[in-house]
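*Asks:* Spelled out, the chains give:
There are 4 protein chains.
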Amino acid sequence: MIIQFKENSPLIQQVAAKLHAIPAHVEVVGTHLAAIGVKEYTPTPEEAAVIESITTNDKSFVLGSLEFQPEPTIIKLPHTTIGAGHFVMMAGPCSVESEDHVRRMAKVAKQGGATVLRGGAFKPRTVPYSFQGLEEDGLRFLREAADAEGMDVITEVMDVPHVEMVGKYTDIFQIGARNMQNFSLLKAVGKTKIAVGLKRGMSATIDDLLNAAEYIRANGNPNVFLIERGIRTFDNKYTRNTFDLAAIPVLKKLTHYPIIADPSHAVGVTDLVTPMAVAAAAAGCDGEIVEIHDDPAHAFSDGPQALTPDLYLDMTKKVNAVRKALQ
Amino acid sequence: MIIQFKENSPLIQQVAAKLHAIPAHVEVVGTHLAAIGVKEYTPTPEEAAVIESITTNDKSFVLGSLEFQPEPTIIKLPHTTIGAGHFVMMAGPCSVESEDHVRRMAKVAKQGGATVLRGGAFKPRTVPYSFQGLEEDGLRFLREAADAEGMDVITEVMDVPHVEMVGKYTDIFQIGARNMQNFSLLKAVGKTKIAVGLKRGMSATIDDLLNAAEYIRANGNPNVFLIERGIRTFDNKYTRNTFDLAAIPVLKKLTHYPIIADPSHAVGVTDLVTPMAVAAAAAGCDGEIVEIHDDPAHAFSDGPQALTPDLYLDMTKKVNAVRKALQ
Amino acid sequence: MIIQFKENSPLIQQVAAKLHAIPAHVEVVGTHLAAIGVKEYTPTPEEAAVIESITTNDKSFVLGSLEFQPEPTIIKLPHTTIGAGHFVMMAGPCSVESEDHVRRMAKVAKQGGATVLRGGAFKPRTVPYSFQGLEEDGLRFLREAADAEGMDVITEVMDVPHVEMVGKYTDIFQIGARNMQNFSLLKAVGKTKIAVGLKRGMSATIDDLLNAAEYIRANGNPNVFLIERGIRTFDNKYTRNTFDLAAIPVLKKLTHYPIIADPSHAVGVTDLVTPMAVAAAAAGCDGEIVEIHDDPAHAFSDGPQALTPDLYLDMTKKVNAVRKALQ
Amino acid sequence: MIIQFKENSPLIQQVAAKLHAIPAHVEVVGTHLAAIGVKEYTPTPEEAAVIESITTNDKSFVLGSLEFQPEPTIIKLPHTTIGAGHFVMMAGPCSVESEDHVRRMAKVAKQGGATVLRGGAFKPRTVPYSFQGLEEDGLRFLREAADAEGMDVITEVMDVPHVEMVGKYTDIFQIGARNMQNFSLLKAVGKTKIAVGLKRGMSATIDDLLNAAEYIRANGNPNVFLIERGIRTFDNKYTRNTFDLAAIPVLKKLTHYPIIADPSHAVGVTDLVTPMAVAAAAAGCDGEIVEIHDDPAHAFSDGPQALTPDLYLDMTKKVNAVRKALQ
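Residue numbers (the numbering used here), protein chains in the order written: chain A, 1 to 327; chain B, 1 to 327; chain C, 1 to 327; chain D, 1 to 327.
Quick caveat, the hints were computed from the structure, so don't treat them as lab data.
All values derive from a computational prediction rather than experimental measurement.
Taking lysine-lysine pairs in the DSS-like style, the calculated list, with each CA pair at most 25 angstroms apart, reads:
1) K318/C <-> K318/D
2) K324/A <-> K76/A
3) K187/D <-> K187/A
4) K168/D <-> K187/A
5) K317/B <-> K317/A
Only chain A is shown next, with the shape it has when bound in the complex (with noise of 0.2 angstroms):
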């Protein structure tokens, strides 16, 4: 059940309060009040005088609809604003590899706009015996090097022992795609009040993403946003994964949350990166991560989709053009 108040007033509180003693899963934003769980509420005249309507959400995720939370998300790092038309450019090595190295693609992120560096330190690999990160370490290289170029820093945490380590050196935690649905992972970042970049699943629904989102809100932490991957199909000779640029749009009519498209992860092959990563700006996104290397035939990890120095800085070209022609 969702309330819209016509303004805001004490009476909110006041619902809230009363509803809390159902007990409701009870959340006011603004003057939106939405209580979870609750069926009806027969509000006093007092309080009707302030009601402009109640209504049921038809939907499994409340706090992210739109219905309640109409304004967009708007998540403000050090260097970085997230949402509300605010373009993010997120680049980095896929794992981080070395001090220097993270320092170097560092530096060529940040000339091609970047205000995040990305890199893992924990790396999810399908294999056991491939590449599994610098763990702390990498850490430690990948945030002096985001410092070192003024940027933010995004990297993954994988399971709930490591949130308060990974979260000392992070601005951003991504949860993976293979994560999606680890609700206990979803609940400890949500109990901190660090950004989260959430990953869709590779067979996850829209709704399944927004429903996994609601475990990070409603868990108090409202800084999330969510990544557009690529999803699995039948179809995956010549790329990866089958990228689901309409899922941009579609979370646009569903969700205050920003979306940042992903194109190294969806297609897994470099030279359809950057007509992908255009098509997302044009699709609307908030955003890009892209992963860059600047030797990818000897990555540690994810080297075929890897942009090259100069292919990223052509296509953060292309990206702002698009951008700028949909203005």
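Dock chains B, C and D against the given chain A, drawing on the hints supplied.
*Replies:* Then chains B, C and D, alone, in the frame of chain A:
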């Protein structure tokens, strides 16, 4: 096997004749000769002198490959050129509904820059009790409406016995997604010289699509273009299909056929058509085909995905802006 | 709308005639009358006295529904009965390869209990350069082989112009997966009285399949059965398709048409055919259709999924054992 | 690389020690030695004398392959043996609902021949506001109910911090489909000796599943079995997932791990569970896990797929009949 000659030479036909005798399927385009079903060929010294290379194509399709024909296919119609950078807009109602209606829609289509008028006279409907089209009357209305505006016509042909009749009215045969592997129909249109727009089937891989096109090309008709219109995946709550936009740059790496995007069928929801049309242009398609209707609520078919005239004109402006930004 | 009468009565035809005049698509089977396209009907008092119920079917298919025809469809061929518990085995080579070969395969098929001989004379091949079938010669060889063993024939018809010719040789038209929504072909076989085995398309939902069957039934041919042959999913490394065995009990809840399992195409790998044939019998199918070959390595098509005579006989024993155990 | 020795010999450990020093991941089972990450090894003449073969495994998983361990994995629990033909039935409620309820359900489960009691105490729910389980109380109720009937316990562990606590109560850790690639969790249960039932993820390929199992096995725990529970495809109107029964014989060709079928989650609809349970037995699974409830309409979770006691007992009879028929 593909033999690339250094130059145009009468020896090309000599080699072709010898290979024909094996017997093999032999085709020559410019200085490229494809001999399908032939594993090796030992040229005479005289022949060897004008041969650049002999390669074995490891793909299931040959005539559609860039190895056989590196130059893009260009299709010339009275009012339209398709391929090689000649961006084309095709628009019109889903079904031809009446003489008057298709005339009005043709005017709108033309206004937005379309040079090809679309409209269905034979409709492939999932349910047998749905409207099945105006048949030959519809074709005549469509042809007259196109002629009145100086446009070309694209319309669906659904079976072999209709090829001749539909061919009297149309400039382009559309092969629908459900008929993409109706091999008898592919052979029949392959025996004409009328251009063919081949829609990707709902569960067709990229290779399936190119093999289907090969049926048309191998029967003698080189005027083929491909239409990406969305594939069937697990997520179909908010969109009718999943628009596989990466197929556009993938196909550009594999084939010389032009690639047209059909955002209307790909998403099936009006307010998603424009962002996806713009994204498709950004991804590098050679044109778009969209459905328009002045009264979608009363359309005979597919009203929920039709662009009203205003939305259509807005879409074409955005598509043009993006194309210009990327030149 | 479906009207169920209490008993057989001349009033049924009276109501049918009145509904025909609306106009609607009206069909009567026993005491059930379906009037498709009619929203409501007010019976006369006399009619009302013999009417059990008037219900609106909320499905897209009507004639195929159990609401319209609660009794199972039974198809009687010279040597075979399909439906209502009459389990049928259909076997034979993928392609008719020669007069002699199909005769030998017919003997093997018969030995394992098959009463229907399968074999392709017109082959829908993904690649145009693959073997396309012996055409009318193949049909003749197939017919003669079946007659020699006292068996019925099932063979694929690929397009409208072939319906008459193929119909001279076969007891059952097979509509292939790629043609499941070739609506012109469905209408054409619907206008004959020859039995039709309709294969589920690679990306067809259960409803799509039943709507395709509706095309045949609505054109006057009640002798329809369905074939589950696997669907296309993301996992195709070890099997050609994903065998959707749950479709068998699902279809049993929805329709009166018999359901035949095609494990050969569903998995596409010889050593998986037997376990899947047995599983399909356990799941409740009305019969199976399998491919057999005495020399799979040299089969003209689909060798990798053919059962050798020994494997075929072993499979039929296991299928029979399971069926007996579940009686 | 896999080295197969002719006989048990102290030289096996000698070779292992040398390969460990490379460094590589080295494991020995009987006369088979796997050295993962090692490309070649030149044995001494003395070693060569006892070596049967040295082969390079081309699969991404090694320890789970039949090349490494040709004998089936056998898991021995107090009341149950899993693998190598020891068919096991696991049954119980979806959620542990109360001390009394789980006791009654345990009696029913036992009556149908189950030796393992299932029940969820920590529930991975798509929506955060759904019932999340009785947590440690639920585990205690489940353990006590199993002990009272002389049964083993299987229950889901959802995250790393819970492994120790859940391990105090259970004989088998269940890893849920959504956590199949929660690699931290796989490592954590891999470091225990408690048996692990690993569910296939909704969009996991066969190789993904075997690679996930490899995480557990490579961390030292050989007591692994796999659970097929349906995959996500385009068709989900009449079933929750698509039950990939061919995965059972496919896995039998690839791995020594036992394979358990979960028809309840695969189809998600009560009246489809029995035919699919029977089909799974026919396909050759090593056991089944099903959900039972005496009052499905009021179940805390997954009521629509629960078997009532009567249906459960009928199902087990049919499964046993089919297994006997195929012996």
